[in-house]
Every structure is written in structure tokens, then in C-alpha cells.
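Required output: the full structure, derived from the provided sequences and hints.
Residue numbering for the sequence shown follows my numbering, starting at 356 and increasing by one per position.
The reader is advised that the hints may include incorrect statements.
What the hints assert, rightly or not - Only pairs whose alpha carbons sit at most 20 angstroms apart, straight line, appear in this in silico SDA-like list of lysine to any residue:
id, residue 1, residue 2
1, Lys516, Ser537
2, Lys516, Glu630
3, Lys591, Thr616
4, Lys585, Arg628
Hints in this document: simulated from the structure, not taken from any laboratory.
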Amino acid sequence: MAGVTIEELGLRFVQICMENYWSGCLLPVFFLAGILWDIFYRRRKESRVFLYYLVFLALTVYNPVLVKYVIPKVHFENEYYRFIWILPVIPGAAYYAVRIVEVVRFRWLKAVTALILAAVIVTTGTPVPGIAKDYVMAENIYKVPNELRSVCDVIHQDCDKEQPKVVFDNELNLVARQYDPSLILVLDRNFILYRAGSTVVGNYENSKAYQIQKVIMDVISYQMDVGIDKFRQVLKRTETDYLVLPVDLTNHDYIRQAGCTPIAQTEKYVVYRFEG
356 MAGVTIEELG
366 LRFVQICMEN
376 YWSGCLLPVF
386 FLAGILWDIF
396 YRRRKESRVF
406 LYYLVFLALT
416 VYNPVLVKYV
426 IPKVHFENEY
436 YRFIWILPVI
446 PGAAYYAVRI
456 VEVVRFRWLK
466 AVTALILAAV
476 IVTTGTPVPG
486 IAKDYVMAEN
496 IYKVPNELRS
506 VCDVIHQDCD
516 KEQPKVVFDN
526 ELNLVARQYD
536 PSLILVLDRN
546 FILYRAGSTV
556 VGNYENSKAY
566 QIQKVIMDVI
576 SYQMDVGIDK
586 FRQVLKRTET
596 DYLVLPVDLT
606 NHDYIRQAGC
616 TPIAQTEKYV
626 VYRFEG
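Structure, rendered in C-alpha cells:
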């Protein structure tokens, strides 16, 4: 997770990751309270699955000792937050909310209890204004920009290769293979983040592959003049077939001088074929 390292936090790494991930949301507290309720008060056979599952997680991926010594060896420190996803907080909180309503005897009181629980879950979970503010309606069923679909169609119509190598801008590079896994990305995701200043993805300053790709990033993302010949040689070395760059880029002439021919243009992007 961003700004969180095992080297710095040691055995507190799991705790800090949990605190950062859930940030002020109280649903995990309700989930744990429900498990304790089952243990000490109303035992149900079907609810044991939450208890056994939680114990298993506590002994493995949430075990501070194992995490401290194992996670760094498998290079999973930056992706550790994904283990938090497998904690069934949301279904667990919903399950125990229904259980509470079932305990109430009178029908009218059940309705009142359900409304109160719903209000508590809404107010103590993720803030609704935050969801509404950041929510963006998907443009299609693939959950990717329509522009990406258009440029992928152009590339496949123009290219004889089954797996063309493509340079995308930072935005499309992160989602291109989500839509079209046949494309081979020239720029590594972690290299892009590192070039943008991220320190949580690793240190690639001494990586030869990073230094090669950095030349491309300097040109297409930061409009730097690295030398046309050098830029062209790097495109050859990385076996780049196509470049998909924003229309509002300020150095399209530079790109063309390096041997890139525009073959199509959408509303936001220009598709270049690298002639070599």
C-alpha cells in the first residue's frame, strides 16, 4: 500500500494496512461483534463459516510474523492490500444485521430495527457523498473508454501480427489489456508509476529495462527532447509497432520525424504506426 512498507513497520504492517484500507469505516467492527455474538450467545451451524474463515486468515495472510518474513520474499508487499478484499466484512455485516432483525418478536419492531440498522450501515460505511462525487458511469460493458475500443479496432485492421506491441499513454496503458489481451504493452506499469514519482512500486533507477523505456516516457508523457535518433532507436529496440498518443500532445511533429506515421485519429487520440 502507498507509503506503507514492511521494512519500516515490521510487525505493525498488517495493522496499519487494515487501518488505512478501512479508514473510519466501522463495518469491520460490526462484523467482529457478530462473530463474538455467535460464539458466546446464539450459536448457529451456518455462521461458523465466518469464524473458521477468520481464524484461517488470522493464522496465514493476517499473521504479522508470517507477513513480515514471507511477503517480501515473494515480492507482494505493494499488492498486500488485495488480501484485505478476501475478508467477508460486507456479507458478514449484512448476515448479522438480518440475524438481529430475526431476534425481534414484533413485526412493527422488526421494521423499525431494520431501518435503524440500515441507517447505521449507511452512516458508518463509505460516505455516500464521496461515492457520488467520484462515481463515473461506465461507457460500455467492458468498463473501458470507448476511445480504447476504437484504437484497438484500428490497430488490428492495420496490423498483420496477432500480438502487436503498442505504446499507450499513461491512462490507456493501465486498461488496454483489460479490453484486448492480445496487445503487448511496451511500457511497464510499474515503470510508468516510478517515472511519475511513485516510491512504493520499487526503485528502478539501476534497471536497464527501465532506462530504455524511460526514453519513450520522456517523449510521450513529458514532451522532452531526448534526440530523435535515440528515440527512434529505442522504438526499434523495444520492437514497437504502434503508438497511441493524445491529440493535445505538443510534440506530434517530433513523433512523426522519428518515423511514426499517423494512420487514424479519434476524438482524443492519434494512432501512429512505427515504420522503423
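Pair hint Lys591 and Thr616, alpha-carbon separation not exceeding 20 angstroms
holds, 15 angstroms
Keeping to a limit of 20 angstroms between CA atoms, is the pair of Lys516 and Glu630 held or broken?
holds, 14 angstroms
Assess, step by step, whether the Cα of Lys585 is no farther than 20 angstroms from the Cα of Arg628, and give holds or violated.
Measuring from Cα to Cα gives roughly 18 angstroms; hence the hint holds.
Are Lys516 and Ser537 close enough, with their CA atoms no more than 20 angstroms apart?
holds, 10 angstroms
In summary, the structure agrees with every hint in the numbered list given earlier.
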